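Novice: Sequence:
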Amino acid sequence: MNYKELFNIAMKLISSPVKAWEGIFMEKDRRKVFITFVYPMIGLCGLSVFIGSLLTNGWGGPQSFQIAMTNCCAVAVALFGGYFLAAYAINEMGIRMFGLSANLSLAQQFAGYALVVPFLLQIVTGLLPDFRIIAWLLQFYIVYVVWEGVPIMMRVEEKQRLKYTLLSSLLLILCPAVIQFVFNKLTAILN
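First residue of the sequence shown: 1, per the numbering used here; consecutive thereafter.
Among the clues, some could well be false.
[Claimed, not checked] Only pairs whose alpha carbons sit at most 30 Å apart, straight line, appear in this in silico DSS-like list of lysine-lysine:
| hint | residue 1 | residue 2 |
| --- | --- | --- |
| 1 | K12 | K159 |
| 2 | K163 | K19 |
| 3 | K32 | K19 |
[Claimed, not checked] Ranges between beta-carbon positions, derived for each pair:
| hint | residue 1 | residue 2 | range |
| --- | --- | --- | --- |
| 4 | L170 | F34 | 18 to 26 Å |
| 5 | N103 | M11 | 25 to 33 Å |
| 6 | R96 | N57 | 43 to 51 Å |
| 7 | G60 | R155 | 49 to 57 Å |
Hints are computed from structural coordinates only; laboratory data are not their basis. Please read all numbers here as calculations on a predicted model, not as lab measurements. Glycine included, each C-beta is placed from N, C-alpha and C at the ideal position.
Take these sequences, add in the hints, and give me the full structure.
Specialist: Rendered as structure tokens:
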């Protein structure tokens, strides 16, 4: 695993999305996003939440470890499930609403890299939970990242770009959040 390359891609997507998306579009293997970006980022998010939870709740006893593991699992399940759900929904939305051809691997690649903002914010708020309000506001930067990626990756017409961007961004923000909410409620009920 090359974490230097991982953070290089993440920083390019944040600082210069057009250049980053052009480079991503040139990748021959659309499924490369899983191994090189999505899974490592989910792992880093889970690890940061685990460490942050231990720092917040203390190291004393098995209950603090259980809380940290539960929080870590909630984030990992939410990001993993939210990623696949959002990619599937973006693909279906493109087919039904925008007349695009079905290409799930392209939608997965697009969604994986577009989730850079929630991934980075989750890493920061996992370690520093007091920044949640700022992170909640910064998550809408995903709209800009998606806006720049839509014409390059998804080949959406300019007149439909805004609608596609807003709907895709909404899916990318809400899918992980809904899954995490449901997971936390189920965990509370089952405990």
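Novice: Look at each hint and say if it fits the structure.
Specialist: How the hints compare with the structure:
1. K12 with K159: Distance of about 27 Å is within 30 Å: holds.
2. K163 with K19: holds, 23 Å
3. K32 with K19: It holds: about 18 Å lies between the C-alpha atoms, which stays within 30 Å.
4. L170 with F34: 18 to 26 Å: Hint holds: Cβ distance 23 Å, inside 18 to 26 Å.
5. N103 with M11: 25 to 33 Å: With a Cβ separation near 27 Å, N103 and M11 satisfy 25 to 33 Å, so the hint holds.
6. R96 with N57: 43 to 51 Å: holds, 45 Å
7. G60 with R155: 49 to 57 Å: holds, 55 Å
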